[in-house]
Every structure is written in C-alpha cells, then in structure tokens.
Amino acid sequence: MAYVIAEPCIDVKDRACVDECPVDCIYEGPRMLYIQPDECVDCDACVPVCPVTAIFSEDDTPTEWKPFVEINAQYFAADVTGLGSPGGAAQVGASAVDHPTVAAWAAE
Amino acid sequence: MTDTAATRRTPRPRGEGQWALGYHEPLNAAEQIKKEAEPLDVRERIERIFAPGGFRTIGKQDLRSRMRWWGLYTQRRQNVPGERTGSAESEELEDEFFMMRIRIDGGRMSAQQLRAIAWASERYGRDLADITDRQNVQLHWIRIEDVPAIFERLESTGLTTTEACGDTPRVILGCPLAGVTTDEVLDATPEIRAIHERFIGTTEFSNLPRKYKTSISGCRVHCTNHELNDIAFVGVEHPELGPGYDLWVGGGLSTNPMFAVRLGAFVAPGNVADVWSGVTSLFREYGYRRSRNRARLKFLVKDWGAAKVREVLETEFLRARLPDGPAPAPSALSLRDHVGVHPQKDGRVCVGFAPRAGRIAGHQLRIVADLAESCGDGRVAATAQQKLVILDVDAARADELIGRLEALDLRARPDPFRKGMMACTGIEFCKLAIGETKGRAAWLTEELAARLPDFDEEIRIHVNGCPNSCTRFQVADIGLMSALQVRPDGTKSDAFLVHLGGTMGDGSAFGRKAKGVKIYAEHAADYIEELLRRYRSRRGPGDTFSTFVNGLDAEGLSRFALPSRGGPNRE
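As you go down the protein sequences, you meet chains X and U in turn. So the first sequence is numbered by this note's numbering: it starts at 30 and just counts up by one. So the second sequence is numbered by this note's numbering: it starts at 995 and just counts up by one.
Chain X with its partners taken away, still in its complex shape (with noise of 0.2 Å):
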C-alpha cells in the first residue's frame, strides 16, 4: 500500500510534503505532485503538512478521488514519464509532463 496525492494539489503544489518525505518520494509535474508507490514506506509524515488535504492513504482514498491511486502509479510509468522508481525526487527535478488525465483538468 501507499499514499496517494488526488485532486486538490491540482495546480496548487504547496511542496510542503516534499520537505517532510523521509525516502524522498514525492515527484513534481507541472501541474500537481505524485508519490511513487514503491518508493513510500507508508509512513504517513506527508499528510499533516498538505495545506489542501490532497493526500490519503490508498485504501483511505475519498470515492470520489479513487482514480488518483492509478494516476498516482501511473505518473512513473513508460507510456507516461518513463520515470519508474529513480529513488529519490532531488536528482529528478520536476518534469515536464503531468499525467494525461491531470493535464486535462480544467482549471478552477
């Protein structure tokens, strides 16, 4: 199981989470951020500090916001940023793509 990031983060991306992950995990696209679910250890330390209450746990995930958990995995993939497991954001940098489906999303 991991964290997933869902809709609020949508073109907000406070980045506090990315300073309170301990394995580094939280990946930056242009639009929103995304966890990679085999680098999280589950460990819950992103959540308190997400201004917009945009992380759950996978089995936690809003109904609404379920979908999140695949973009989440996703995100790391061939067919969409190649990224895989890089194990660790920093070296990364953010990237110019957001999944499909983020990058569709109308904007508020």
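Think about it this way: if two alpha-carbon atoms lie no more than 16 Å apart in a straight line, the pair counts; the simulated EDC-like pairs of lysine to aspartate or glutamate are:
(1) U:K1339 <-> U:D1371
(2) U:K1509 <-> X:D48
(3) U:K1054 <-> U:E1083
(4) U:K1512 <-> X:D48
(5) U:K1507 <-> X:D48
(6) U:K1486 <-> X:D67
(7) U:K1029 <-> U:E1019
(8) X:K42 <-> X:E137
(9) U:K1054 <-> U:D1089
(10) U:K1486 <-> U:E1077
(11) U:K1507 <-> U:E1549
(12) U:K1339 <-> U:D1386
Partial list, derived from the structure: chain X residues whose beta carbon lies under 8 Å from chain U:
(13) D48
(14) V52
(15) E68
(16) C69
(17) V70
(18) A74
(19) P77
(20) D88
(21) E93
(22) W94
(23) G116
(24) G117
(25) Q120
Hints listed in this document are in silico derivations from the structure and should not be mistaken for laboratory results. This one's a predicted model, so the numbers in the text were calculated from it and none came from an experiment. From the three backbone atoms N, C-alpha and C, an ideal C-beta is built for every residue, glycine too.
We have chain X; now place chain U onto it with these hints.
For chain U alone, kept in the frame of chain X given last:
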C-alpha cells in the same frame, strides 16, 4: 482562471466511524478484525493451538492484529532494507520471531520481577532487553513455542503483557520515585494500581479506536511527560481541596504531534479511577474509527476543544461536575529524569543509571536485581527516558553501588551524551522502521563524548527510525529521524532529517525542522559535533541549546543548521 464549474469536486462529508453517532459498521480492516472476535481471547489460542503447533498454525488476523493485545508483534525479518518498509508484503517483512512487550505500570519492579524478565531474556530472547521510554521492557527473538512458559513465569511474579500493544489502555506511566522521593506533590501509586486492577484486560476497554496512553504522577519534574499522553493526571495542590490531580487530555506525537490540553478540572485521588474510566469511555464511544491515522484521542480533542470534552465527560460519562483546579507548576528540568543519586524521604537514596540508549542485556538485568537486593530492599524502577533506578540504598553504600554498576557499563554519573541519548527499536526489529537506530545511538554517544569532552550541559538527542516518533524526536534538543538518501553512485543510504529545539513546559514547542538538511547516517557524529561547537561559540549567557535555537528566526536557523562546506554530507 477559466470558469469551468463542477470540475472540482469536494468529497462528500464522511462519517468518522464514531460509535456514539451510530456508526457500528467497521470502516477499516483493523476495526473489522476487532469486531469479528474479541482480541483478548487470542490468549487461549496462543496456549492451546499456536504454541504447541508452531508459527504456521497462527491465523493471519491473530498474527497481525489480536496477538498485540498480549504484547506480541512479529519482529522485522533480518536484512529487509528500509526502502522495502512500505512496499513489501507482510510475509516478506515479518519474521517468525516475536517482540514481546512487558508492561510495568508505574515502572516499579521487585528484584523477583526483574529476575523473571532477565530469565526470559537470557533463556529465550538471545540475552537482549530494551528499556523503552514508556517504562516497558521489550524482548526480541521470542518463539511462539516459548510464549506460554514466559507468560507463566512473568505472571507468577505479578508482571503481565496484557494490553501492552493493540487498541487498548497501554502501560500507565508513573514516576519511578513515587512514594519515596522528597520531591513530589503526592504519590500516585494507589491510583495506578487501582486502574490496572479494575480495567486492564477487561472487555470494557479492549476495543478502543486506537492505542491509549496514560500518565499519573505527582512528580515535580514531570518525568512522565504528561503533555504527550492521551490522558494524564498531574499532581497539584488545590488551595481548598488539598493534593490531587490536574486533568489533561489529547497529547501524542507521531506524524501529527499535539500537546495535551488542560481541561481545567481537579480530580481528587480517590476519584482518579472513575474519571479515567469516564474519559476512556468517551474515547471508546466518540473516538474516530475511520482512518487509523486520525483515530487517536488527540484528533477528537482538537476538533472539540477542551470545553466540549469536559462538558461531554461530565454530563454523559461522569454524571457529575468536577471542581475547577490549578495548573501544575512547570518542571525545573529540561531533561526530566532521575539519573544520579537522589534523596528519599526515609533518609536513604535512590541511584538512577543509564545503559546505552535503553539497550541492556538479560544477564545485566539479573545482576542489577542482585545489586538491588544487596544494596537496598530489592526495588528497581524503569524511567520514561530509557533508564533504570535502584531504590532504597543506604547513602553510605551509594558509591559502592555506583562502582559496581560502572563495571557493568551502567552509568550513574554519565556524560551528557549517555544521559540524554534515546533511541527507538529501529530497523533491527521494527517493521515500521526506515533506518537503524540503537547501534547508531550507542556510536553517537561514544563519539560525541570523546570529541567534546568539555561539553558539560544537558543535551537531549533522540534517534528515531521513522516518523512515528517512539522516542519523541519533536521534543528533543536534537531530534534525528530516519530517512533514505541516494548516493552519487545511485545506491541508497541511511540518512537523517533533523529537528532542533524541542521544548516542554513553559513555552513548550515542537522542534523545528532544519530545512534542506539531510545528513548521511555515518556523518551524524560530525554533524552534531559541528552543531554543538557552533552553539557553544555563539550562545548568550544563560542560554541552553533549546533557548538558543528558539531565539533564531527561520533564516538564522537555516544558517545554524546547514552543514559547513566540506563538512558532513558534502561528497
């Protein structure tokens, strides 16, 4: 922004699973398992099926949930790296050996009880024992086959593992010097005993929403850290009603740290067990049972506020008003412990001493029991700082005892680093851990004492293997929290995030994260040495490490905390 209504959805408000509001359907797996079978009943299966049949006969729900009600967790399989902590399946992460947590309410043990623990450690636990910062002793390497024999011996001395883990009322913290010290408001021992006898191991409180931590103490230095407990009774002198307790609720650290709040209510000593039962019932009925990470009492207290908690407690659970009462006087110590020689009311002394970050051997405990009998009346106590105290020592024999303890590497006159160092279990045995802690803390203790021989101030360094904060990194002078860091060659390395300047008491505040600082674990000694040298060269008169750090603004803290060029963490 374009106006495209209805693209953003707010999730429907969700119930929090509070029983009092009619939510009795389990909302998560842990609640489901508790509902399906009374967790305390696993004891019978342990003795009848699991111990005779071996590890493979243990059902998964019992193994991963209900056995905690008897103080048993599977330990982490050896050599599973920290990066696998979140993603590994349970089978990969759990070993066939158990951690066994022995609860010692109030911390007090007889020599006979300490020998029982030592026996279990030497015979079944590879001679390891950890004194925890909640006055428990944790054994490791326990096989299920040996559990009944250990239960039998422990229980024959009056010790127990009942509800040492799980969603239960955990060990009740008490001052290790209660009843003997010259420096207490009152002796809380009868209240601790009453609660243990009436409520621990009963089905009344065996299904709480989450763990529930209690402190009851009249100690003037607040050595049980009442601010960090779900419920705490803190000794105060009421101007009209005499000695009693100030009631606090809703403390806890972990990833969402909160200090407990006062309800402003005074509790007479004879009323403590009933009020404890009232607050515990309130938690059972109103506590959140949806998300495990929002289930501790602190979340309800934060949402309700102290006034509503007191109102509901008094009207629905106590059916009586509590008198208002005074706040406790703040502790005179920042390192709230009883290491060293302290006077007793009866003219004798007690001798507190420090193992290395809580780690001690079973055979050392056996010798400590012998020393406690030969130099005193056999009474020993664990502190909430991973230390031990021998009580009832003739003052004339204190030096002799201290010498004998030193010979065991147990220090009653420790250097500041031995005295202020704590470490959680860490990756050696803990399935939640990201990094190693006990060994690093012991190494840090030796390194810092050798490098900074003139450092003569108290300094609290708490080493944690994950953000759950079993050793309270947010209230340490220097809190280290395990992290992973990629090296230039692509391999992953143990590292630490750093929190600085945590304080409790007057002006209590959680330590601030040193932003952008992540040190490789092997550089921790270099880093802390550098920090302490900087502090010593810049501090003002009267400063302690935490007052100095808390006098820095954000930018100043950043400058203070960043490792120097060429220093730690620069490859």
